[in-house]
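Protein sequences, first through last, are from chains Y and H. Just so we're aligned: the first sequence equals residues 1 to 232 in the numbering used here. Just so we're aligned: the second sequence equals residues 1001 to 1114 in the numbering used here.
It should be emphasised that the hints constitute simulated quantities derived from the structure, not laboratory data. Incorrect hints may appear among the rest.
[What the hints assert, rightly or not] Per label pair, the in silico range of CB-to-CB distance: (1) Y:Y179 with H:C1059: 50 to 60 Å; (2) Y:N17 with H:D1041: 17 to 27 Å; (3) H:P1090 with Y:D183: 49 to 59 Å; (4) Y:R67 with H:D1041: 39 to 49 Å.
All C-beta atoms in this analysis are idealised placements derived from N, C-alpha and C, irrespective of residue type, glycine included.
Residue strings, one per chain:
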Amino acid sequence: MTHNPEQDPKRIRVIENIMNANDRLSEANRADLDRAKVFSINLMASPGAGKTSIIEQTVHAMVNKFRLAVIDGDIATSLDADRAMAAGATAIQINTGGQCHLDAAMLQSALRQLELDTIDLLIVENVGNLVCPASFKLGTHKAVLIASIPEGDDKPYKYPSMYQGVDALVINKIDLLPYIHFDMANFQRGVEILNPGLTTFPLSCRTGEGVSAWLTWITQQVEAFYQSVSRH
Amino acid sequence: MHELPITENILEITLRHAKQAGARQVTKIYLVIGSLSSIIDDSIQFYWDIVAKGTVAECAQLDFRRVPSEFLCLDCDNRFHPGSEDFLCPKCGSQRIKITAGQEFYLEAIDIDT
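Build the full structure now, drawing on both the sequences and the hints.
Laid out in structure tokens, this is it:
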């Protein structure tokens, strides 16, 4: 039978987004974060792109300016949360037990373990994966993708939904550009088509090049958020 | 692997609408999935057989309508299906592109017996 749901009287029209349940929970998370005046970022990347290194650098640089918390999504182990805590943040580990992404329900239960009123900036480190996290909104204020040079310049073409859904893009490990074939023009063309005008930060966590522009952006985001919530 | 929670969502939506309609049985579920959303039909079917067991939708057939991705060139108005290597307009080479289809992900309808 062909796909024509209109003909049969026993056919019930539904038209409902399959991600509705998660989306609704993500809205509740956002409301909780807004109420407690916590600015939050969902950091996504493939494994090894440098999520934890960027978090370490960010926490080090911001720990005297903002009260920071990190929620770390990992399939197992608390290694990443330990590194965030060593850098000076309050850290909570979510072991997803094999699940390849965080979802809004997991973030909700992690938020309950934090004293939100004592936090200014919350960084959520998603599970290393370029596919699944794109489908599950968490309710954070900004979504950031970290790409890295060794992954290759074809990634926007291979993982379009990940590149489409983010508010900023970090390109990590630019110190490796002389050693690896990476066609930056091809990479940026793909990004521009999927997400026109996307704010991009080429940097190296190892050498520190470009990191200050990223830190400035975060600071501006947090300050803009405070202005918007204090008006309400 | 994210198909398991997604399949549970499909079941939740299905059962809610089936109950509202007083369904004795759900026979078919129509899903619309854009090719830019990374969902594997076979995985959903696999999980469906597990999660729907014992519900009124246990025997429902899953109908997947795949919507191919479609881009619109903002310079020459050409509509095209992008390749996986490159997203440029095949007619004029422009990179000013708007995505017009391929991101759909919803449950369109269910067939029921009452």
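Results of checking the hints against the structure:
1. Y:Y179 with H:C1059: 50 to 60 Å: Given a distance of about 57 Å, which is inside 50 to 60 Å, the answer is holds.
2. Y:N17 with H:D1041: 17 to 27 Å: Holds: the Cβ-Cβ distance is about 18 Å, inside 17 to 27 Å.
3. H:P1090 with Y:D183: 49 to 59 Å: violated, 20 Å
4. Y:R67 with H:D1041: 39 to 49 Å: holds, 46 Å
Checked against the numbered hints above, the structure violates only hint 3.
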